[in-house]
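Trainee: Chains as they are written, first to last, in the working numbering: chain V, 64 to 221; chain G, 346 to 657.
Calculated directly from the structure, the hints in this document are not laboratory data. Cβ coordinates follow ideal geometry from the N, Cα and C atoms, glycine included. Honestly, I wouldn't trust all of these hints.
Claimed, not checked - Simulated pairs of lysine to any residue, SDA-like, Cα-Cα distance not exceeding 20 angstroms:
(1) V:K211 <-> G:H497
(2) V:K174 <-> G:D487
(3) V:K206 <-> G:G615
(4) V:K174 <-> G:A491
(5) V:K211 <-> G:D487
(6) V:K174 <-> G:K642
(7) V:K209 <-> G:Y458
(8) V:K209 <-> G:G656
(9) G:K636 <-> V:P168
(10) V:K211 <-> G:K636
(11) G:K642 <-> G:D487
(12) V:K211 <-> G:P625
(13) V:K206 <-> G:R455
Said to hold, decoys possible - With beta-carbon atoms standing in for the labels, derived distance ranges:
(14) V:P113 <-> G:P613: 11 to 21 angstroms
(15) V:P207 <-> G:E643: 44 to 54 angstroms
(16) V:A175 <-> G:P427: 55 to 65 angstroms
(17) G:E503 <-> V:V112: 51 to 61 angstroms
(18) G:E643 <-> V:K209: 29 to 39 angstroms
(19) G:N419 <-> V:L124: 35 to 45 angstroms
(20) V:H204 <-> G:E395: 53 to 63 angstroms
(21) V:G95 <-> G:P569: 51 to 61 angstroms
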Amino acid sequence: MTGAKPAVGTVAASAKPAAALFPVAPPPFSDGVFPCSECHKPGDKVDRVPHKVEFHEDIVLHHDEKNRWCLDCHDAAHRDSLHLADGRLIPFTESYRLCGQCHGPTLRNWKAGEHGKRTGSWSGAKQYLLCPSCHSPHSPHFKPLKPKSPPLRQEAIK
Amino acid sequence: MSDLTVTPLPVPEPPAEGFTRREALILGLFALAGAATTSGCSSDQKAMDEFVQKHFKDLSPEELKTVLARMEKNLTKKYGKPVTVSATPAMEGVLFGYALDLSRCIGCRRCVYGCVDENNQSRDPQTHYITVLEMDKEKGVDLQDANAYYDHETVPAEGKFYMPVSCQQCENSPCSKVCPVGATWKEPDGIVVIDYNWCIGCRSCIAACPYGARRFNWGEPNIPADELNPVTEYLGNRPRPRGVVEKCTWCLHRVRKGLYPKCVEVCPVGARKFGNLLDPDSEIRYIIENKRVFILKEELNTQPKFFYYYGL
Chain V
64 MTGAKPAVGT VAASAKPAAA LFPVAPPPFS DGVFPCSECH KPGDKVDRVP
114 HKVEFHEDIV LHHDEKNRWC LDCHDAAHRD SLHLADGRLI PFTESYRLCG
164 QCHGPTLRNW KAGEHGKRTG SWSGAKQYLL CPSCHSPHSP HFKPLKPKSP
214 PLRQEAIK
Chain G
346 MSDLTVTPLP VPEPPAEGFT RREALILGLF ALAGAATTSG CSSDQKAMDE
396 FVQKHFKDLS PEELKTVLAR MEKNLTKKYG KPVTVSATPA MEGVLFGYAL
446 DLSRCIGCRR CVYGCVDENN QSRDPQTHYI TVLEMDKEKG VDLQDANAYY
496 DHETVPAEGK FYMPVSCQQC ENSPCSKVCP VGATWKEPDG IVVIDYNWCI
546 GCRSCIAACP YGARRFNWGE PNIPADELNP VTEYLGNRPR PRGVVEKCTW
596 CLHRVRKGLY PKCVEVCPVG ARKFGNLLDP DSEIRYIIEN KRVFILKEEL
646 NTQPKFFYYY GL
């Protein structure tokens with residue numbers, strides 16, 4: 064059986080040499096939201112004071128929401144990019160650099176293969192998942208899952 | 346074994362040249378039994394070939410080829426689709442190791458059923474290689490108070506943690522020591538394997554394993570043909586006959602080709618880690634060197650290559 068499932072994504076051919084170190088699956092955008100510049104135009108007036116956003120009501124921020132809001136990660140001038148705390152722009156395919164600003168040890172473990180799932184080959188080419196592939200960046204805590212059925216009890220086996 | 350003094354049974358015809366005494370005895374017995382029912386048809390010959398097959402390690406390359414071809418033919422016929430049976434040898438310079446992060450496992454049992462699909466376990470009667478134990482966070486790892494039959498609406502349940510247990514691939518494996526016929530042994534890459542054709546079904550290994558990792562085929566294994574994984578290994582996931590023991594082989598058919606075991610790939614929380622213990626840059630080595638790992642029932646000196654740890 065081949066290990067690579069199409070759902071996991073393939074080795075990303077990123078333009079940035081830094082990203083080539085970590086072959087990640089494509090970012091898991093919700094349908095119809097990307098590119099952001101479809102709606103957000105460069106000349107738009109931007110209110111930089113944190114406020115409730117009307118259009119993206121389905122996004123509930125549950126990620127240090129008292130201290131942070133949209134434009135701490137999303138860039139108002141370059142809508143299809145994210146930015147680091149120092150203002151440097153990064154593509155969505157390198158979002159782990161953004162997450163790693165606060166979650167340093169997690170980024171270190173992710174790079175080493177301890178944090179997160181890797182698929183493919185233990186000895187060769189493997190696929191990583193971006194942080195948002197498992198943790199919604201707006202509400203990163205894992206949601207509970209329905210477990211698969213328990214094994215049969217011995218007395219139930221005929 | 347060959348030193349046992351037994352009265353030789355009468356052999357109908359002198360055995361062909363090159364046969365050992367053991368084979369001659371078996372042949373004689375089989376010929377007697379066969380003569381009582383049918384005679385001379387090809388299915389008898391096939392059954393005979395299987396019956397007199399040597400131990401896996403004693404097969405010459407030619408004999409192994411014949412055996413694999415026979416199995417492929419039989420399985421292809423049985424399941425109505427092409428089935429391959431290979432005997433991929435262990436890689437040089439590889440000793441496999443496994444790690445599982447207990448702080449991440451949520452007990453969803455995706456690994457249990459991924460394993461069943463991948464390794465052709467019997468569906469009915471049910472065989473699972475992985476047992477996921479639910480335990481109290483307050484008590485910690487307490488095997489006497491573990492529950493494998495939990496059935497919650499959602500997991501993880503409040504106040505519980507989960508510990509999947511399967512074959513620990515011990516370096517000092519008690520199961521292979523007690524086998525009276527040498528049908529189970531540790532391979533050079535550290536995987537404990539079973540020659541299902543040599544196993545006599547005595548279940549001594551099941552009694553010897555301190556981890557409850559081995560399974561016996563009490564009934565005829567049953568795998569729906571459309572669910573059969575047709576890529577199989579002689580020492581791994583080929584369909585097993587009734588009356589033999591089987592267990593996890595860390596997906597020998599995958600890992601010897603460089604792939605991760607199936608359970609690693611299906612785990613939704615990335616709790617399962619796998620790699621080469623001899624490679625200092627592997628993720629398994631990173632975990633052993635940087636995390637607080639422990640092994641199950643360390644005091645028994647079984648030296649498992651399966652490491653549990655708390656990543657958080």
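Trainee: Indicate, hint by hint, whether the structure satisfies it.
Mentor: Cross-check of the supplied hints:
{"no.": "1", "hint": "V:K211 <-> G:H497", "result": "10 angstroms, holds"}
{"no.": "2", "hint": "V:K174 <-> G:D487", "result": "33 angstroms, violated"}
{"no.": "3", "hint": "V:K206 <-> G:G615", "result": "14 angstroms, holds"}
{"no.": "4", "hint": "V:K174 <-> G:A491", "result": "34 angstroms, violated"}
{"no.": "5", "hint": "V:K211 <-> G:D487", "result": "23 angstroms, violated"}
{"no.": "6", "hint": "V:K174 <-> G:K642", "result": "31 angstroms, violated"}
{"no.": "7", "hint": "V:K209 <-> G:Y458", "result": "14 angstroms, holds"}
{"no.": "8", "hint": "V:K209 <-> G:G656", "result": "23 angstroms, violated"}
{"no.": "9", "hint": "G:K636 <-> V:P168", "result": "12 angstroms, holds"}
{"no.": "10", "hint": "V:K211 <-> G:K636", "result": "29 angstroms, violated"}
{"no.": "11", "hint": "G:K642 <-> G:D487", "result": "11 angstroms, holds"}
{"no.": "12", "hint": "V:K211 <-> G:P625", "result": "36 angstroms, violated"}
{"no.": "13", "hint": "V:K206 <-> G:R455", "result": "15 angstroms, holds"}
{"no.": "14", "hint": "V:P113 <-> G:P613: 11 to 21 angstroms", "result": "33 angstroms, violated"}
{"no.": "15", "hint": "V:P207 <-> G:E643: 44 to 54 angstroms", "result": "33 angstroms, violated"}
{"no.": "16", "hint": "V:A175 <-> G:P427: 55 to 65 angstroms", "result": "40 angstroms, violated"}
{"no.": "17", "hint": "G:E503 <-> V:V112: 51 to 61 angstroms", "result": "39 angstroms, violated"}
{"no.": "18", "hint": "G:E643 <-> V:K209: 29 to 39 angstroms", "result": "34 angstroms, holds"}
{"no.": "19", "hint": "G:N419 <-> V:L124: 35 to 45 angstroms", "result": "60 angstroms, violated"}
{"no.": "20", "hint": "V:H204 <-> G:E395: 53 to 63 angstroms", "result": "55 angstroms, holds"}
{"no.": "21", "hint": "V:G95 <-> G:P569: 51 to 61 angstroms", "result": "39 angstroms, violated"}
In summary, the structure is inconsistent with hints 2, 4, 5, 6, 8, 10, 12, 14, 15, 16, 17, 19, 21 from the numbered list given earlier, while agreeing with the others.
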